[in-house]
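K.L.:
Chains as they are written, first to last, in my numbering: chain A, 2 to 415; chain B, 2 to 415; chain C, 2 to 415.
It is worth saying that the hints were derived from the structure and are not from the lab. This list has only true hints and no planted wrong ones.
Here are the computed lysine to aspartate or glutamate pairs in the EDC-like style, where the Cα-Cα straight-line distance is at most 20 Å:
(1) Lys291/A x Glu241/A
(2) Lys332/A x Glu210/A
(3) Lys336/A x Glu210/A
(4) Lys243/B x Glu383/A
(5) Lys243/C x Glu383/B
(6) Lys291/A x Glu383/C
(7) Lys245/A x Glu383/C
(8) Lys245/C x Glu383/B
(9) Lys291/B x Glu383/A
(10) Lys245/A x Asp372/C
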Amino acid sequence: MLNVTPPVPSFSVPCHMGDFQRLLTWRVSPVFQDVHVMIFIGFGFLMTFLKRYGFSSVGGNLLLAAFGLQWGLLTQGFWHLTDGKIKINIFKIINADFSTATVLISFGAVLGKTSLVQLLIMTVLEIGIFAINEHLVANVFEANDVGASMIIHAFGAYFGLAVARVLYRPGLKNGHENDGSVYHSDLFAMIGTVFLWMFWPSFNSAIAEPGYTQLMAVINTYLSLAACVVSAYAISCLVEHKGKLDMVHIQNATLAGGVAVGTCADMNIGPFGAMLIGFVAGIISTLGFKYLSPILAAKLGIQDTCGVHNLHGMPGILGGLAGIVAVALGKKDGKAAMQAAALASSLGFALVGGVITGFIMKLPFWAQPPDQNCFDDSIYWEVTKNENTDRKPLKQIGLHDCFSSGVNILKGNM
Amino acid sequence: MLNVTPPVPSFSVPCHMGDFQRLLTWRVSPVFQDVHVMIFIGFGFLMTFLKRYGFSSVGGNLLLAAFGLQWGLLTQGFWHLTDGKIKINIFKIINADFSTATVLISFGAVLGKTSLVQLLIMTVLEIGIFAINEHLVANVFEANDVGASMIIHAFGAYFGLAVARVLYRPGLKNGHENDGSVYHSDLFAMIGTVFLWMFWPSFNSAIAEPGYTQLMAVINTYLSLAACVVSAYAISCLVEHKGKLDMVHIQNATLAGGVAVGTCADMNIGPFGAMLIGFVAGIISTLGFKYLSPILAAKLGIQDTCGVHNLHGMPGILGGLAGIVAVALGKKDGKAAMQAAALASSLGFALVGGVITGFIMKLPFWAQPPDQNCFDDSIYWEVTKNENTDRKPLKQIGLHDCFSSGVNILKGNM
Amino acid sequence: MLNVTPPVPSFSVPCHMGDFQRLLTWRVSPVFQDVHVMIFIGFGFLMTFLKRYGFSSVGGNLLLAAFGLQWGLLTQGFWHLTDGKIKINIFKIINADFSTATVLISFGAVLGKTSLVQLLIMTVLEIGIFAINEHLVANVFEANDVGASMIIHAFGAYFGLAVARVLYRPGLKNGHENDGSVYHSDLFAMIGTVFLWMFWPSFNSAIAEPGYTQLMAVINTYLSLAACVVSAYAISCLVEHKGKLDMVHIQNATLAGGVAVGTCADMNIGPFGAMLIGFVAGIISTLGFKYLSPILAAKLGIQDTCGVHNLHGMPGILGGLAGIVAVALGKKDGKAAMQAAALASSLGFALVGGVITGFIMKLPFWAQPPDQNCFDDSIYWEVTKNENTDRKPLKQIGLHDCFSSGVNILKGNM
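Next comes chain A alone, as it looks inside the complex (with noise of 0.2 Å):
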């Protein structure tokens, strides 16, 4: 009784221009469940490596971005009013998800160290200097910046370094015992990894020209990174211990070739320019971890939870040398100073900003945990008494109720 047939939709379409734009404009819907997917579930699970901050991570995650992409739409919003309004549609609540995209990006730098307050004020500023950047970038020096290496992934790397020197901790100079990950909290981790990795061509060519254009920045991001995920491992190997891999590297570093070749993806740089890119920033971004991340803490003051110096910081400016060139070698429309002007202006904005955001989330009454406490959920979440055993019982933690979580701060318990 069951059979087949060709879908006979019940509604008529006539072929007209109008119907077509509808068309070209719907097949963007996948690609922006693709960015939503990797603003969600990427950074969300990729900073659950931590062993005892994973409600934080992929919690503190979901708060920050829902709350960030309205504020992203308002800020974005009001650089291009129509009629006093601001209009939404597809690409608007695609651009909202990168603006939040900067804020996951920082969150990583001081994981572990911050209150959901804190973060929820560093959300508020940096939305909003990423939008004054976004816009003089795309509108004032009309660089060429599709994936976003310089406007997402350097600006928002920057900015949560800044943020973290200005936060930085004595107390945790030497570790602490928590800052670290078990066995399953890095497969959670992988979760994050592997959505980031397979989803990034569409955040490369979201908002790219539809058509040649849009599939050349797909295919550019693919072959990046799958030449990156092999300099990784192999960088990986070389520098470890007997050989062995590191699972920091694996997660992080696997992604840094789909950062570095944002700024060119729909640039015609074939595919092995392409897949140099990706390769260098496999290197770097190994390279970094291993020997650059324990110099940043030890003598700049820079404790950079997640690395995010690593992934998205070096390879971040990778993306915008390479834009540079490759506008230089007429591989798209452009000048090249344009392309460094805006590399300059997001390092700037991202470090001046950083630094200002800093010293208000330092104010003393945002409710930061205490260091004893840092990368552990449990003071700030419900945390089942009945765990696994390999739970240490809690320190008797000391601390006012006025630290317990920044919400009391609405309910006037300070």
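Knowing the structure of chain A, use the given hints to seat chains B and C on it.
P.N.:
This is chains B and C only, laid out in the frame that chain A set:
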């Protein structure tokens, strides 16, 4: 040697009506896959929060949904025979997935306290009753319910609650040691939460009119969910001890905005209308978990394992009410009275159908688990002896073979 | 101030042929992303069921697939040069993903018993041999195999089994304490299972003729998989002790319907034809896990870690046979003899190629793990000392440095 080229598909495409319709139909395919992810990953992992019931949650979800979609194709097909045959197209399989959602919602109410045989019986009856109510709402009342706040969410929730009432277990009055989460099981549940949250715009727009209306359904749902996250977090902090967040609220109440905006998703309610609905839904849902569920369990004997009343029940009614108001205000063609009839019909069929189904499920030969083995996979699944050390030795189960699995019935062991 | 408006894309779209083709091509992009998810999340997490081998499973999968897709682009491109160049489009990258699937299937057979260096060698050889067989089947025999039951699933499985036979380890005859799952590792594996299950309709329809035929491939696969779940659960209950379900069956046999309907997916076999194929595949696969795998290991020396013979081998042959019957019955244009030749060719290339590859992999300088360190991440990965307490202290490994990782070879430590 490698070279990116514009793709030149080998098939030729004349530009006439039929192709256009084919394209429009095809556009639905990614939406179908998104809905599929919600049904199988979303619902499946959302229920893995229980510490010893993950196999039954994600595995039971797979069985019920895979069985249910076949049955759903048949029951919904009965209303739309073509020459005595059921025609299958992409909309039909989306609808088949939809019909299973009602069962998976009800599953949440009785999770941990029923055998697979009982649940399969529930699947058969519930989808049958759903198909009648759906036909009534869509074709007789001609009511709007594009995102199915009434016919799926409220229906599924109250059906499940009625079943749970009939299956009331006094022995679980004081709780059960396995009726709770551990750290990692809460993280598994967040996989379900986040995938549901992300793809809800596809769910609410899947059967909307293509083009502008469908886009509006995407955007309204996106905004409602974002607002809902903010209110759910805020209320969770405010009501919990020392302002801590509760994972139960975050896993569930953050989704209430998707439920509640369902009926109105394709109506011209404006962005702030959508956000208001989501914001209110997040508040109601979180308060329900905190204050109402304990009362329902203690006073009315409704033991709602997953709190579906808070995630699907009340937000579903809210969605239905919002639909009545929106239609009355002319936000979409329709009659407010018919919207009200649809809501009443959905609740009526759910409660009556659920009670009848509950009594059938209560018959003593469906391999129900005894109280002490509730919330424990090992009664229906092979669970490795050599487990995590957090695993307490299994109690000696004093079961007859006939209890060990419902499928033993088929084997003639009873 | 916010206002939803119909999106007005800034690009203009003339309604001519080229745009139409572009749209049709673009429609493939979400399908590409679905296939990508199957390759990287699906296969990757499916293999995380082993208690101490999750890093190697999901991490090894990422490396092999990312490396393999580059090699696959090259080897498959050799057959289709344009002016001496390999042209890349969306179909080419889908095909590159496909070619890696064969390797990931074979990986399952030798999981836990091989080094990454051995696996990279297998990747190079297997994709090369796959490309030859694929060319033969598609262009010489002109056989139908839209979902690749023969050229991917049967090929990958028997290739892997041949390799496993050559690499037979008598020392593992009586099992290995790490060759099994723990509770949470089984849940991680279900992430892989469910994503494979959900997106299989995209896999089987990815290269089908657009329009009605492609839609039919989606629906046939959807139905086959649904029927397969039901039979896999039923048989698992029937054959297990006390009617309990076994996670190994649920994780694997529920997918056999996707494999088996592959060849016939775009043929007019009707819904019941598709369901019959899935139902039988679920039975065969579950029985294979229960009864055949132990015999293969004990009598033939084929130690098939993941049971790929049951998931991909027998269901792949079933798919090939169903294709012969369907073509003979005129369900699609083609010659039954050519279908048979395609099946024979796939099996022949797999077995001969696998044996040769196995002997190359057996050469003693590829850093094979010794028996006692099989199924253990810590031989190739940095694993935190401070672990779950369920982690037994590592045995002192009496390895030469040259065993600790294959990449040491590159470092000149040998």
